[in-house]
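Going line by line, the protein sequences match chains P and B.
The working numbering applies: residue 1 is where the first sequence begins, and numbers increase by one.
The working numbering applies: residue 1 is where the second sequence begins, and numbers increase by one.
Hints were generated in silico from the structure; no laboratory data involved.
Owing to the predicted nature of the structure, the values given are computational and were not obtained by experimental measurement.
Take the hints with a grain of salt, since some may be wrong.
Stated by the list, open to error - In silico contact screen, one side only, chain P against chain B (beta carbon under 10 Å); selected entries:
no.	residue
1	H21
2	V25
3	D29
4	Y30
5	E37
6	I39
7	W43
8	M52
9	S73
10	A74
11	H77
12	M84
13	L109
14	F113
Just so you know, even glycine gets a beta-carbon here, dropped at the ideal spot from N, CA and C.
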Amino acid sequence: MVNNETAAELASALKAAGFNHLSDVTVVDYIEEEDFELIYHLWSHGARKRLMLKTRIPRNKAIMKSFTPIWVSAHMHERECHEMFGIYFDGHTDLSPLLLEDWDGIPPLRKDFDSRKYVLETFYGGERE
Amino acid sequence: MTDIPFFTIPFGPCHPASGHFHASVTVDGERVVEVKPDPGYLHRGFEKLMEYRTYLQNSPLVDRICVLDPFAAELGYVNAAEKVLETEAPERGRFIRTIMAELGRILSHITWIGVTSMVLGLDSGCKIAWGNREPIIRINEKVTGGRIYPCYFIPGGVRRDLPDDFPEMIDEVFDGLEQNLEQYDFLIFNNETFRVRMENVGLLEAGDAVDLGATGPNLRASGIEADVRKDEPYEVYDQLEFNVVTQDKGDAFSRGMCRRIEIEESMKIVRDAVNKIPGGDFKNKAFKPFSKAKEKETYFCCESARGEQCYHMVGDGTDKPYRVKVRGPSFSHTLAEFPYIAKDAYIADIPAIYWSLDPCPADVDR
Numbered sequence: 001m002v003n004n005e006t007a008a009e010l011a012s013a014l015k016a017a018g019f020n021h022l023s024d025v026t027v028v029d030y031i032e033e034e035d036f037e038l039i040y041h042l043w044s045h046g047a048r049k050r051l052m053l054k055t056r057i058p059r060n061k062a063i064m065k066s067f068t069p070i071w072v073s074a075h076m077h078e079r080e081c082h083e084m085f086g087i088y089f090d091g092h093t094d095l096s097p098l099l100l101e102d103w104d105g106i107p108p109l110r111k112d113f114d115s116r117k118y119v120l121e122t123f124y125g126g127e128r129e
Numbered sequence: 001m002t003d004i005p006f007f008t009i010p011f012g013p014c015h016p017a018s019g020h021f022h023a024s025v026t027v028d029g030e031r032v033v034e035v036k037p038d039p040g041y042l043h044r045g046f047e048k049l050m051e052y053r054t055y056l057q058n059s060p061l062v063d064r065i066c067v068l069d070p071f072a073a074e075l076g077y078v079n080a081a082e083k084v085l086e087t088e089a090p091e092r093g094r095f096i097r098t099i100m101a102e103l104g105r106i107l108s109h110i111t112w113i114g115v116t117s118m119v120l121g122l123d124s125g126c127k128i129a130w131g132n133r134e135p136i137i138r139i140n141e142k143v144t145g146g147r148i149y150p151c152y153f154i155p156g157g158v159r160r161d162l163p164d165d166f167p168e169m170i171d172e173v174f175d176g177l178e179q180n181l182e183q184y185d186f187l188i189f190n191n192e193t194f195r196v197r198m199e200n201v202g203l204l205e206a207g208d209a210v211d212l213g214a215t216g217p218n219l220r221a222s223g224i225e226a227d228v229r230k231d232e233p234y235e236v237y238d239q240l241e242f243n244v245v246t247q248d249k250g251d252a253f254s255r256g257m258c259r260r261i262e263i264e265e266s267m268k269i270v271r272d273a274v275n276k277i278p279g280g281d282f283k284n285k286a287f288k289p290f291s292k293a294k295e296k297e298t299y300f301c302c303e304s305a306r307g308e309q310c311y312h313m314v315g316d317g318t319d320k321p322y323r324v325k326v327r328g329p330s331f332s333h334t335l336a337e338f339p340y341i342a343k344d345a346y347i348a349d350i351p352a353i354y355w356s357l358d359p360c361p362a363d364v365d366r
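Using the sequences and the accompanying hints, generate a full structural model.
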């Protein structure tokens with residue numbers, strides 16, 4: 001777990017150390033702690049080692065530095081995180097919607113979005129149990 | 001020529017070669033200038049749905065992540081779930097899972113051979129490959145009860161044991177498959193038209209492949225020996241004999257050859273595993289439908305037919321996961337590599353390039 005302001009520096013150092021494959025970026029919404037946890041899953045093809053780089057950002061100010069200058073493959077992962085959690089990635093060139101279409105509700109993978117309630121209201125008029 | 005404006009053509013989602021995937025292809029005459037991927041036609045929100053279901057209920061759900069290789073999706077899921085549930089599958093269960101996952105890989109690669117020959121205009125190759133899938137699908141049905149979606153692996157093992165005549169079934173099906181492979185070599189891989197369409201098309205250098213997040217056969221075709229089964233052995237792969245298949249050219253044909261040779265390697269693994277499979281329990285009875293997970297998280301990767309299939313799972317002490325993130329291998333193949341290698345290609349090569357990456361739109365969107 002590292003501070004979100006120093007995460008980019010550490011990420012660059014890790015890339016230089018051989019962690020050249022960014023496998024995935026996960027966001028976990030810890031709503032009770034009012035934080036988003038960002039987890040970068042790294043893999044080194046040379047050393048054959050896996051590593052998780054974790055950082056937290058506050059939910060009410062969800063801004064994170066984009067890692068696209070470090071790993072090109074971060075582009076689509078960050079775009080998905082922006083769409084699903086509403087995190088703004090500073091320095092990202094294209095944060096347009098990726099998987100959803102005409103979505104204007106709150107980002108759906110946030111814990112305060114209740115998909116069952118949404119389905120009930122949208123498709124059943126809120127009546128079915 | 002320069003006064004003719006660029007033209008944008010939609011590739012998919014109704015194109016016979018695109019699957020449920022759309023990309024805007026901008027062309028300058030015959031040359032592709034830019035490819036803009038537009039996924040989402042198969043977005044079903046599995047990651048959210050999984051937060052509402054127990055660990056057992058999620059097991060049939062993950063099948064749907066990729067219809068072409070459901071065993072790998074299940075295998076990754078149950079291993080990640082076992083880590084947060086702190087339960088383990090018995091040895092026999094892990095052997096069975098390995099065998100079925102390899103059969104899934106063979107099935108997926110045969111599908112690839114079929115679809116690729118179809119998009120290149122070799123329709124008979126498609127029909128033959130589709131027919132050749134059937135014996136393996138019948139094994140699936142006999143073992144799991146499902147032809148395509150097995151819903152077979154559960155945390156702590158598998159749902160039921162292998163039938164008694166399983167080794168004979170495998171022998172019979174593999175004898176047929178060996179003949180099929182000879183037929184593929186003759187009809188497809190040594191076919192001059194096929195080679196002309198695939199060789200030196202869609203070149204992906206090793207460095208670019210790593211940067212763009214390629215995994216699986218797409219990465220190995222560029223000369224990098226990376227296979228989760230060898231690098232971080234899971235299930236019983238460390239007890240089985242097999243080679244990591246690599247090619248060095250990085251073109252569409254190499255990616256195809258990688259898959260073609262991997263079928264033989266998978267057959268080797270299955271035969272080896274069938275010989276070595278121990279007796280005993282096939283599932284851990286300590287796991288119950290409402291077993292509670294520990295407050296811990298894990299990131300588990302397995303090698304699917306397309307590459308790294310990973311699950312990041314966070315348990316919160318209840319019987320449902322707090323968060324599951326699914327990494328489908330096609331996510332980076334379709335959204336990062338495809339636009340990169342399709343740039344500057346001929347428009348007629350787009351289906352060959354796209355299918356050489358063996359994309360599965362379902363696991364891009366999840």
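Each hint tested on the structure:
Taking 10 Å as the C-beta contact cut-off toward chain B, the hint placing P/H21 at the interface holds, the least distance being around 6 Å. Annotation: P/V25 was flagged as interfacial toward chain B, and the flag holds, the nearest CB pair being 8 Å apart, inside 10 Å. The beta carbon of P/D29 comes within 7 Å of a beta carbon in chain B, closer than 10 Å, and the hint placing it at the interface holds. Of the supplied interface hints, the one on P/Y30 holds, with its beta-carbon coming within about 9 Å of a beta-carbon of chain B, less than 10 Å.
The interface hint given for P/E37 holds, since its Cβ lies 9 Å from the closest Cβ of chain B, which is under the 10 Å cut-off. Among the interface hints, the one on P/I39 holds; its C-beta lies about 7 Å from the nearest C-beta in chain B, closer than the 10 Å criterion. With a cut of 10 Å, the hint placing P/W43 at the interface with chain B holds, because the nearest CB-to-CB distance is about 8 Å. The criterion of a C-beta within 10 Å of any C-beta in chain B is met by P/M52, whose closest approach is roughly 6 Å, and the hint holds.
Interface hint status for P/S73: upheld, as the beta-carbon distance to the closest one in chain B is roughly 3 Å, under 10 Å. Because the beta carbon of P/A74 sits about 9 Å from the nearest beta carbon in chain B, less than 10 Å, this interface hint is met. The interface hint given for P/H77 is met, as the beta carbon of that residue sits about 8 Å from the closest beta carbon of chain B, less than 10 Å. Below 10 Å, beta-carbon pairs count as interface contacts, and P/M84 has one with chain B at about 8 Å; its hint therefore holds.
Satisfaction of the interface hint for P/L109 is found here, the shortest Cβ-Cβ separation to chain B being roughly 6 Å, below the 10 Å cut-off. Nearest Cβ of chain B to the Cβ of P/F113: about 8 Å, under the 10 Å cut. The hint holds.
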